[in-house]
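**Student:** Single-letter residue listing:
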Amino acid sequence: MSPLSILVVEDDPDTREALQTVLELEGYEVLTAEHGHDALARIYDVNPDVILLDMRMPIMDGWTFARMYRQRPGPLAPIIALTAAADAARVAVEIGAAACVPKPFGVRDLLNAIEHCPGIAQR
Amino acid sequence: MPGFAGNMKQHAGSFGARDGKLTTGLERGWVGQGMFAKTVARLAGLGILAGVYFAAAKFGLALAFVHPSATAVWPPTGIAIAAALVLGYRVWPAFLAGAFLANVSTAGSPATSLGIAVGNTCEGLLGAYLVSRLAGGRHCFERPRGVLEYAFLAAVVAPTVSATIGVISLSIGGFAAWSDFGSIWLTWWLGDAAGALIVGPFLILWSRPVGIPTPRRLVEAGFLFATVAVIGLVVFLGLHPLPVKDYPFEFLAVPALVWAALRFGPRETAAATLVLSGIAIWGTVLGIGPFARESPNESLLLLQAFMGVVELTSLALAAAVVARREAEESLRATEERLNLIRQRRRAEEALATAQAIAHVGSWEWDIQSDEIAWSDELYRIYGLSPAEFAATYEGFLAHVHPDDRERVDSIVRTACQDARPFDFIERIVRPDGTIRVLNSRGEVFTDAVGKAAKMVGTCQDVTELKQAEEDRALLAREHEARAHAQAAVRQRDEFLSVAAHELKTPVTSLRLFADLLRRQLADATVPERAIRRSAEVIDQQAEKLSALVTQLLDITRIEAGKLLLSRQPVDITSLVTQVAARAGLHAVDRRITVIPAPATIAAVDSLRLEQVITSLLDNALKYSPPDSLVDVEVRPASSDKVEIIVRDRGAGVPPQDQPHIFERFYQAHVQPHDPGLGLGLYISRQIVELHGGELVGEFPQDGGSRFVIRLPAAVGDAADKGAMPR
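Keeping their order, the protein sequence lines are chains S and A. Residue 43 in the numbering used here sits at position 43 of the first sequence; the count goes up by one each step and never skips. Residue 597 in the numbering used here sits at position 597 of the second sequence; the count goes up by one each step and never skips.
These aren't lab readings, by the way, just hints derived from the structure by calculation. Cβ atoms here follow ideal geometry from the backbone N, Cα and C, with glycine treated the same way. Certain hints may be false.
As the list claims (entries may be wrong) - Quick partial rundown of chain A residues pointing at chain S, CB under 7 Å, derived from the structure:
#1 HIS501
#2 LYS504
#3 THR508
#4 ASP515
Claimed, not checked - Straight-line C-alpha distance at most 20 Å; calculated DMTMM-like pairs for lysine to aspartate or glutamate:
#5 A/LYS504 x S/GLU17
#6 A/LYS504 x S/ASP14
#7 A/LYS466 x A/GLU478
#8 A/LYS504 x S/ASP61
#9 A/LYS504 x S/ASP87
If we strip away everything but chain A, and leave its shape as in the complex, we get:
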């Protein structure tokens, strides 16, 4: 191929420009080489096709009886139409070559053979052209109408060209008599038509990729083709035990082809017809079967006509089945879509119901366009109709309780800024004025640059929940109050029991000594010392009783708010000194040290303050060892405070009792010889507090107790204040 390199540019120009880009020389070289390979492949393809065409033609011509060049069996027509449809019109040289070689090697001159070959080529191209333009091309077998159109265009119209040109060529070339024109033409035409009907569809249909069938389908297909073969052998080869071999059994072919059409499709139907046709031609040529006549040509023409009609009918049926299958498929798809829609609607309804039951509404806020969408339930929660809600952020804020509005606004703005989920409680006001409590949750969705674009969330009406919570809290408070009251009652009962004991004990002593005194006085032998002792005890018991009664009265006054102070400016140091001296009288061998401060004046009820200091000193003496020191210090604490500090070095108070010592009825020390109501410290603190001061107990590390009375120092009007009931 010397001219190839020179033509390369031209090739590249004509083919390489397809993708519309300029190519460099080097690339062009590659393209040229690709083209070369392609051209070789194409030529090889054409050669193979021509070979196939040639073989089919030779097979057809072998069955030519009316004229060596005119046969009732002409598969090349189907091959040419199918090839032109599937591979393109450019394969025409293969037809021309195949037909020419087949004819020229059979009968006639090269010129007539060329004429015939031109006719055959035109037939294939025309058939393919008409089918692709008017019948839907390769997909024509998917609709019954397409099948009929194919039959008319490819099997009726196209063969007229081949038959006419072919017979004219023969007649002009003198290879056929003009008088035989009609019969030769008809044979020619009929043979071509059968070829187009029987071979064409098979090739066209099987040229498309075949899927892998399931084993079940494969088995059924096996049965189908076995049945077709058996029917072919029985009907057309007479392989049955009956003596007569030309019974018109041909109708037996129909059920098998209907089976193929209904259970399989056009492809298998065409294949089954082809198989059947092959067997039929074989039998008919042997002179067997329903179409066997005197003349083999007549037999074949009848057979081809029969096979063509059967093929046409079963292909139409198969196409109808395909169309129906597709319609069903599309119906199913539509139904599925409808089902999806229905399911979605049901889901939406279920969601709405769930929202209504849970009192949860949902919302969506497009922040950039400031549009808010509410669910139906949310409208119900707000007591609004869609017409009443502005559906903007400001519109929403307008329904928030005025006291919550600022907080809600700030929460929402913060959430927008940080693009963070939020969860808060808010109150809203319905148009009728009722207030509902909502739990709002939401999430922020950002756009590509991270700016808040959308907010989506829910609102739950928790009004009843909150109410229930408050009720529960109230109930808990009531329970607590009741427990408190019960504890108080128990404490009071305990106090009454203690008080009864404390009061009855001195009374018992009183009565016993009074009885004793009477007896002693009646008996002259009793010494005077014993009588005096009895009288002394009676006096002490009366005093003890009196002190108890005074304490009880104080308690009663304090609790009724009727403990009144009569305040006078008093020098605290001198008051403390007097009290200490008096306390020292009772404790014979104890000494109390007074640490004075000069000129500390406070407005106090001196009798009550004496009572407090006496009580503290009595305790200090009582709870410390006899040889230990007790002191009482007076000192100004700050510019307006005076402190009186009573200090002992005794046992102190156990840590667990320390927080309770100022409580009513509380006795930290349970010791013998320690009678009392447990009221001393309680009353003392009440009195100091009535003075506007405070009384605290401290327990230093080195042991003992330190009680501090802190009083306001005397300033002008302080004197009147003490009269106020507590």
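The following block holds chain S by itself, in its conformation from the complex:
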């Protein structure tokens, strides 16, 4: 059985590096993108199992990415919103995310969210 693939969309290089390292240690297959536009290009032919999405990004932010992603044909991966906004839950509803993890978060918070995310086949 192949490992679950996760797309990390995050503009801050340090955070992106940390997320990638941590998730790879946990055994996930990790794809990364710097912003929404980059992410759409990255998953043009490969659909990940779950998307970790930062909201505030240059070029294309999380809101726009989510909207455009939904217009894609075929099965859609659940989105987990990573946001610094004060009302993280509302942001998640706005973009139709399966879950949200408010910043700043620790590794435990993140893994919990992924493991309990609805719509993912659990190992």
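Given the coordinates of chain S, assemble chain A onto it according to the supplied hints.
**Tutor:** Same frame as chain S, but now just chain A:
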């Protein structure tokens, strides 16, 4: 006419001098010829008149029964009086000739005929004279009293002359017996009197120009005269089916003549009487009608007496109607005048009311006599009574607000000079001290030589209007302030959102790497390189966080006015060199060129100035390509200024962003790897301005940015000033 030319001078003298100017021979010739034509015309007129007189006399004498020369019907009396009144006394020869010829061709000798003719002539002249002197002349038929006076003077007094002279002439000439004197005289007198009453008024009244009647009047007049004719035929010619032909139907004449008097006037009344009289005489002579007696003379005398009285009565009635019509007319005219006056008064009242409602007063200034007239409303606007206002220009100026007085005076004087309309706002002070704002407008009227003679205008009390305008402006300002505040709040919210993101991002990295480090340390297989990397990232994130927090603190200090400088004289070139070297450390493969200036000393807070230059150099490196040049130049700008210029050859700033780059929270560059709060330039400018200097951004044509810090050069006391809060 051989004597005519010889007499010409005399004619010219007697007639030509009328216009009172001396005339030359030639002109006199013309005048003489004019006179000649006139004389001919006059003679012709006299001839015609004599002819008419002659014919009327012959007609009268044809009806003479008591004596061939004395008749009950003598129209010439009326003709003579009317002619003398209308044409003048000088027509008397026509009477004399007409009467003489008529008599001499009828009966008696030339001598008696001449006597009679003299009597007739005197009768006409006397009648005309008396009527024109005592009864109002030709206009006597316009008043009932005039009618009665005419009747007495022309029909009672004048015929006595003719009758007396005529009968005496006949008696002396032996053509009449003295014993018949009484009856002949009476017939004579009565005939003349009837002629004066029946023919005279008709001729006098119709001698004046006749207006064109309306078709309606014409039709009614047609009916009137037809009725008169029918009545005449029925009454005096017996044209009715009854067997008896002398019924006293004469009263039937009265309604027709009353109709003429009431609906028309003296003129038509006289005409109707004349028509009726003619028919009556005709019938009576034929022995028909109410007045037919054994003797035709008796019949005619009765008829003439009747006709005279009827004429007199209806003429008096017509005159009364005229007088009444005139009185009504004059009453109507008076009423119209009164109405006009009333309307004008109403208009004045309406104007006063309008002025009171609109708070508009009007005024008029006679400049030459310096008299001012105010409307009631203007007095109310000034809060003055007529007794309190001097009604002169100086008096007016005294009530103008002292601050406006000079301006108002100059406007008025200019308007006088240029004779131009004016419109201005002034303040006035009421006696109770309240100030009113007036809008004054006026126009200048000039005299014949173009000098300002009169000024007329209005004043509107616009105090409330102005107040409302100010209130509106205040409201608008408040709205603007509120919008401004709302924009500021929005900007602050946006900033808080950005700040939250910017602060939470390094914290997230910190936590993730801290967790990772813990796991790495627990796992012996993890290489040391990976552990070191985690530790380094944690260190970098902490530093990043620290820089953000420092910026936030600076902002807080600046806004609270608590950013304090500690200034020392510093050599700017060496300070810039140090900063450039440090900035170059971070950018490994970039070089920063320093262009120094010797001995440029300024009193600055060196740590803060370092912060500014570092921030500008960081931006320059960040926003320009790796192989491009960044330089920083120090140079004295003027005797007391030092400039530090940071120049890069990068992308510059888009034109639409250029005016905003120094604003708080403004980020012109939205790029990946470009975190930050958008506070760098804002804080830098605040720090430079605290130094009494300025920071400007320039964007040269050849690309890139050029930031210029301009600082005051070190002079003595500048060191203390920096401590002042902004």
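**Student:** All the hints need checking, so say for each whether the structure fits it.
**Tutor:** Right, here's what the structure says about each hint:
1. Residue-level restraint check for A/HIS501 holds (minimum Cβ-Cβ distance to chain S is 4 Å; threshold 7 Å).
2. The restraint placing A/LYS504 at the interface with chain S holds, with a minimum CB-CB distance near 4 Å, inside the 7 Å limit.
3. Taken as an interface hint, A/THR508 checks out: its beta carbon lies about 4 Å from the nearest beta carbon of chain S, inside 7 Å.
4. Look at A/ASP515: its Cβ gets to within about 4 Å of chain S, closer than 7 Å, so that hint holds up.
5. For the proposed pair A/LYS504 and S/GLU17, the alpha carbon gap of about 16 Å is at most 20 Å, so the pair holds.
6. Proposed proximity of A/LYS504 and S/ASP14 is supported: the alpha carbons are some 13 Å apart, at most 20 Å.
7. At roughly 18 Å between alpha-carbon atoms, A/LYS466 and A/GLU478 fall within 20 Å of each other, so this suggested pair holds.
8. Taking the CA atoms of A/LYS504 and S/ASP61, the gap is near 17 Å; set against the 20 Å cutoff, the hint holds.
9. As the CA atoms of A/LYS504 and S/ASP87 are separated by approximately 14 Å, the hinted pair is consistent with the 20 Å bound.
Hint violations for this structure: none, all hints satisfied.
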